[in-house]
Amino acid sequence: MKKDTSHINSLENEAIYIMREVAAQFEKPVLLFSGGKDSITLVRLAVKAFYPAKVPFPLMHIDTGHNFPETIEFRDRLVKELGLELIVRNVQDSIDEGKVKEESGRYASRNMLQTTTLLDAIEEFKFDACIGGARRDEEKARAKERIFSVRDDFGQWDEKNQRPELFDMLNGDIELGQNVRVFPISNWTELDVWSYIEKENIEIPSIYFAHKRKVFLRDGMIWSAEDDVVYRDEDEEVIEEMVRFRTVGDMSCTAAVLSEAVSISKVVEEIRDSTISERGARIDDKRSEAAMEKRKQQGYF
Amino acid sequence: MEVLKIATAGSVDDGKSTLIGRILYDTKSLTTDKLEAIEKTSKQRGYDYLDFSLATDGLVAEREQGITIDVAHIYFSTKKKSYIIADTPGHVEYTRNMVTGASTSQASIILIDARKGVIEQTNRHFFINNLLRIKDVVVAINKMDLVDYSEEVYNKIKADFSELMSKRDYQDQNITFIPVSALKGDNVVNKSEAMSWYKGAALLEHLEQLDKADIFNAGTPRFPVQYVVRPKTEEFHDYRGYAGKVYGGDLSVGDDIIVLPSKTRSKIKDIYFYDEKYETASRRSSVTITLENDINVSRGDMIVKEGDIPVIDKQFTANVCWMDSNQLTAGGKYVIQHGVNKVLAKVDRINHKINPDYSGIDKEATGLNINDIASVTFKLNKPIFYDQFKNHRTNGSFIIIDTQSNNTVGAGFIQ
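Chains A and B, in that order, give the protein sequences.
The working numbering puts the first residue of the first sequence at 104, with every later residue one more than the last.
The working numbering puts the first residue of the second sequence at 321, with every later residue one more than the last.
It cannot be assumed that every hint is accurate.
To be verified - In silico lysine-lysine, PhoX-like type, Cα no more than 20 Å apart, as pairs:
#, chain 1, residue 1, chain 2, residue 2
1, B, 400, A, 302
2, B, 710, B, 532
3, B, 634, A, 369
4, A, 151, B, 597
5, A, 302, B, 401
6, B, 699, B, 634
7, A, 302, B, 597
8, A, 302, B, 399
9, A, 157, B, 597
Hints are computed from structural coordinates only; laboratory data are not their basis.
Build the full structure now, drawing on both the sequences and the hints.
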């Protein structure tokens, strides 16, 4: 049998190559795990990259405290089954320590606040490389991102002065205090991730599949009415719909989409025919045209 | 279905971003929300057409100045292929970005404004594509709508460009001329009705037809060892796997191999991809291989087939594209990263600077400035195992790292 290199396999080969470069070039790497499909895909790739040895780095979850409960249950089960090490750091702790201030109002979210907790954790553990599941097709500032993206002592992204990346060569040389954000699935699209999940038969949290949920409508988007953290005006009427989530970020800024897709193959079909981009349901990107670029400069993923 | 990576090159206002936007639009790759965002911003700025460049120019500074500063990656797919376009800026001061974008691409599109024809920048775009040995190049003659879709104009540009082609170093490059109007959509995804005199394929049609032989340069297998897998578990007690990516050609179980630099001989015992065994590892697959003999192999070593070994040397000459604002001068010390191998290097001499527009060389050059291209000889503190770039794109290229800033400050192609 020949190991072939068709489309999804060539993306997988590239990602595995990047995972191995991280393990070889850095002393203390960590895989940032959110419980979402992209980071679940990363875990799968890491397991495959080092088999039959164990994944040589831990996972870290920056918990906003606003996660879908299904995601947390899933996270804990996954690390247990695979025998991985998991570090959790809470945004709530950063709030309690007075390092960040909770936003208020109808668009309040903890998405921005994550950055402080993440940067503190990087410093606490002296991580020199953080592997993340960001993809260039997600958003136009991310389209400019390198695979090895250097952050300074303050975790900041200098978008105008990025290291050129040529051929397959990844330069991970840094000074003490700097760290590198690594994006092994940079070149994957949302459909690629789903096709991979289907091909590998990877388990994902149930909220990615169509389910009945109490929701309300605002700004043409569908919000969960089942969780307290999503702000809802009294006059915003609650209805029940068949929905699923395309991303599983902070509940307060992640909207649902109407869907009948109850299996992975149905989800793949649905995305293939979709006319709305994945981040179209993320209110955090809609704040301004440069919302993502600004957050990234400050150290956001 | 392979992934096809394409680099684009064009001068300011040649309509490069518009071309990409047109491809996305006509292949229905732009989602409603992205299209709405483009409509909204185009309207805000008072344009009476959709500005597709807004889909690709991702940074604030780029949108403000209306130019592309950094390489952006754009993704779309058809039923036949998945495409990644590296949209690179075309200005002189962004030569390094063009080199970067072209380095990961197998095909490229050079844009020419039909009203302006072949200009000095076209020479440079072609030079870089040829230097990097991109196998398939499309010369898209754009804005044909503004020259009344004239066959004469097209033929004149084609003739001028052919003159340029006679000067190229890499003669086997496939070059295809296509007259297009990105703004109106002629010959981009759909064949143009206004240019019935053009009998060739539309741009996307041409790209769809490319197969592996058209986009990959043949080579010999090279396996740089990236990582040694030692599980140290009961089940895999004596397992020593060498993880890496296969470049240039295939490797198979039973192949007689030599490990460099020790020149130890062995045979490939098993090829693993995750928990499955394979007979053959194709080029560009990330596998783990085990050897018949228990020998010492570490990261940076290279496994090659017997009778087919690369050059092993502590000195080489290469064409270098300099990418840093600090000059490169003779005597300068750097780290050279060749594949996954890092060695200390000293600039022995700058042989000559090459004008990247086919206007000749400068033998008197003493220092390289940002965006300069030159022939440079390096001496290394230990040998590397290389091929000439013309024979092996991966094993014949390297990057230069500044020992102070750790930045990637240059790229080289071994002669």
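Against the structure, the hints come out as follows:
1. At most 20 Å may separate the alpha-carbon atoms for a hinted pair to count; residue 400 of chain B and residue 302 of chain A meet this at roughly 19 Å.
2. Restraint check for residue 710 of chain B and residue 532 of chain B: satisfied, since their Cα atoms lie roughly 18 Å apart, inside the 20 Å limit.
3. Proximity of residue 634 of chain B to residue 369 of chain A is assessed by CA-CA distance (about 57 Å); at most 20 Å being required, the pair is judged violated.
4. Among the hinted pairs, residue 151 of chain A with residue 597 of chain B is consistent with the structure: their alpha-carbon atoms are about 13 Å apart, no more than 20 Å.
5. Distance restraint check for residue 302 of chain A and residue 401 of chain B: the Cα-Cα separation of roughly 18 Å lies within the 20 Å cut-off, and the hinted pair is therefore satisfied.
6. The suggested pairing of residue 699 of chain B with residue 634 of chain B holds, with an alpha-carbon distance near 6 Å, which does not exceed 20 Å.
7. A threshold of 20 Å between alpha carbons decides the hint, and for residue 302 of chain A with residue 597 of chain B the separation of about 18 Å falls inside it, so the pair holds.
8. Straight-line distance between C-alpha atoms of residue 302 of chain A and residue 399 of chain B comes to about 18 Å, which keeps the hinted pair within the 20 Å bound.
9. Our distance criterion of 20 Å between C-alpha atoms is met by residue 157 of chain A and residue 597 of chain B, whose separation comes to about 19 Å.
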